[in-house]
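Protein chains: 2
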Amino acid sequence: MVNIAVLGYGTVGSGVVRVLTENSKKIDKKAGTPVRVKYVLDLRDFPGDPVQEKIVHDFSIILNDPEVKVVVEVMGGLKPAYEFTRAALEAGKSVCTSNKELVAEHGAEFLDLAREKNVNYLFEASCGGGIPVIRALNSSLTAEDIDEVSGILNGTTNYILSEMGEKGSGFDDALKEAQELGYAERNPEADVEGYDACRKIAILSSLAFGHTIKYRNIHTEGITKISHADMVFAKEAGFAVKLLASAYKVPDDKGANSYFALVAPFLVRNGHPLYNVNGVFNAVYIHGNMLGDSMFYGSGAGSLPTASAVVGDVIDAVKHLSRTLFVFWDSEELKLVDNGSAERAFFIRVPVEKLSDARIRFEAKDEILSDEIKDEAALITAVMSENEFERKFAEAGYVISRIRINK
Amino acid sequence: MVNIAVLGYGTVGSGVVRVLTENSKKIDKKAGTPVRVKYVLDLRDFPGDPVQEKIVHDFSIILNDPEVKVVVEVMGGLKPAYEFTRAALEAGKSVCTSNKELVAEHGAEFLDLAREKNVNYLFEASCGGGIPVIRALNSSLTAEDIDEVSGILNGTTNYILSEMGEKGSGFDDALKEAQELGYAERNPEADVEGYDACRKIAILSSLAFGHTIKYRNIHTEGITKISHADMVFAKEAGFAVKLLASAYKVPDDKGANSYFALVAPFLVRNGHPLYNVNGVFNAVYIHGNMLGDSMFYGSGAGSLPTASAVVGDVIDAVKHLSRTLFVFWDSEELKLVDNGSAERAFFIRVPVEKLSDARIRFEAKDEILSDEIKDEAALITAVMSENEFERKFAEAGYVISRIRINK
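As you go down the protein sequences, you meet chains F and X in turn. Here this note's numbering runs 91 ahead of the position in the first sequence, where the first position is 1. Here this note's numbering runs 91 ahead of the position in the second sequence, where the first position is 1.
What the hints contain is simulated information worked out from the structure, not anything from laboratory work. A portion of the hints provided could be inaccurate.
Since copy identity is lost for identical chains, a pair holds within one copy or between any two.
[What the hints assert, rightly or not] The calculated lysine-lysine pairs, modelled on PhoX-like cross-linking and capped at a C-alpha distance of 25 Å, are: (1) K340 - K258; (2) K116 - K258; (3) K326 - K258; (4) K465 - K208; (5) K170 - K410; (6) K340 - K445; (7) K120 - K340; (8) K116 - K426; (9) K208 - K410; (10) K326 - K116; (11) K410 - K120; (12) K208 - K456; (13) K345 - K483; (14) K445 - K410.
Use the sequences and the hints to build the structure in full.
Shown next, in the form of structure tokens:
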């Protein structure tokens, strides 16, 4: 039997306890031994809940109990999760987490520490909820030279954009609806400004490329400026608007690679695997030099899918109690190239009377008119660097909105 | 350094050598040691090809060389692949394969033998080419009680159906085009009759449910009867026609599970993750009791994606040279329930003058008319058992075609 402790009895923590209870037969078989929750750490009490008898308020009880071999950290945030994780690993306990902030900030550090202590630091649930993309990067796509990881990594914003696209709602109404349905927080900033997706792509790109990509260096834009008119023209041209978190490399002149990363709304063409990912679903697109296109799709959030990924990690930790699993992510920083030099096409909306100027200025490749919005037109620009686009954009002075186009 | 041998220098075998050569730096780092091809077994010689110096015609050279730790079996077929695989495992060498026939027929037997010899039998490339679905089932979705695995597992038939749907071609023309493009064999029977997909779903369902599902017991229908008219009405009603290989369980009256499996053309509704999987791409949909919907999408065939999956297995085999990885698939047979008792809705085409009779007889839930084909109508029946549907179908006598509807 292996005893585990769960830190935090919130949405994910209670899901972890439920998955371990409801699927215990299968889980024990796959782990090779019964897996039992010995403690649940929470500030609160839960009178009447069967978990109450396992509740402790003091982390040192868990830390000092040699029977606890695996600690599940599902508290979120940096404090006190950082201290607890460090102490648990130092004490020779494996840690499984869904805490994207902590993994993005200290992933490489904890992986080193885990290796030193012959235990594991596992974080499948930190990106894309129940989608097993981290294990795919670590164990399956190992023969690949991965050149792109792009994902729809935030269910809240994807729900809002899907609603705007399908129902014609404006951003504020769609956000309000998402809040009423419990898909968005009362303070939605971390989601709608792209901060959540930024942490996740920092983790995925660090794993894909092997070195640390610091989330602070990832250019991040949210979806608050996306309007109904953008949706109308995008749809007319056969695109969907998605908040993409994307990291990719481009061979430079000297044969080395330039690495780019950003989080921003993109137009995704019909036919791209991410085009049809709607509602609260998440998906991660990976392109490898041998594999070509691949995509992993599933529930990106929610108590049970996320908990299922955490428990999958717990099973792996139990099967490898004193053997560190291979994860290629070291603490060396991978320097990103400034987005200004990234080359891409842009979608712009302009007043209809500026169309002929815009056509020439932006070397338009395509032009979109709408029956609904007659005083505007939209254009697809030629491929150009972001810097060049910004210069033209400033010079023109009349562009109503602009959205990057995914290749 | 670890030496490997590749059995068969055909499409996949040559891809394996290419992946190992082009991505060698990454691969050696992930394997923790250089991985080198020492022998390539083939009946032919390849003068002028750098592989020539590694070519051997006699398997016993490989078998008796203690330096060879991993054998890549990419010959296909049962003979002599069965004997070679058995001998290699008996000799304490791990085997990595893309051979779906062999895995479907002898997977559990080889897994037992590998466990006994402390080596590995790995077959990620046997289902869905480069899609890492087998490792997801074995290592990621371990906390799940999986209730359905359904896939578009054959690129040839998916290409044909996509062409028929998009371009309005008939089956024969689409097949001919697929053959000209190299997507279909000159003898296309294994693909178009569903035999290939049947082997693959036998493997995936055995892994998902833990016991052996024999492919011979899986009801299998191909796509040769799908017509242009089916496509017209299906599209009109918002469905795509897909050859699905599907295995699922349904709780029965006594609280136990009934297991069903079949390969057949299905109508897939717009909105289902598999609806937009087009062309030669493959995808596997998995539903788990905690996870909900998930999907894995990618290149289902082709030299390099398949080879990339084989090499991913080689890396795993090298990292675990004398430690058997956990795979839950035992030799106990999982009895399937006869499809006759499976409950579902059906799509039928009927002559327009029989519409009112058909409406009542099949308890129609929906009705589809077409501007293109005016002398027919299509119906969506009520949900009923396959047996009941067959009875009504025989009694009516006028149904032009019928296709199952995916839920």
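Taking the hints in turn, this is what the structure says about them:
{"no.": "1", "hint": "K340 - K258", "result": "neither (36 Å within a copy, 36 Å between copies)"}
{"no.": "2", "hint": "K116 - K258", "result": "neither (44 Å within a copy, 50 Å between copies)"}
{"no.": "3", "hint": "K326 - K258", "result": "both (12 Å within a copy, 22 Å between copies)"}
{"no.": "4", "hint": "K465 - K208", "result": "neither (66 Å within a copy, 73 Å between copies)"}
{"no.": "5", "hint": "K170 - K410", "result": "neither (29 Å within a copy, 36 Å between copies)"}
{"no.": "6", "hint": "K340 - K445", "result": "neither (36 Å within a copy, 60 Å between copies)"}
{"no.": "7", "hint": "K120 - K340", "result": "between (42 Å within a copy, 20 Å between copies)"}
{"no.": "8", "hint": "K116 - K426", "result": "between (46 Å within a copy, 21 Å between copies)"}
{"no.": "9", "hint": "K208 - K410", "result": "both (16 Å within a copy, 20 Å between copies)"}
{"no.": "10", "hint": "K326 - K116", "result": "neither (48 Å within a copy, 44 Å between copies)"}
{"no.": "11", "hint": "K410 - K120", "result": "both (11 Å within a copy, 24 Å between copies)"}
{"no.": "12", "hint": "K208 - K456", "result": "neither (57 Å within a copy, 62 Å between copies)"}
{"no.": "13", "hint": "K345 - K483", "result": "neither (29 Å within a copy, 70 Å between copies)"}
{"no.": "14", "hint": "K445 - K410", "result": "neither (65 Å within a copy, 62 Å between copies)"}
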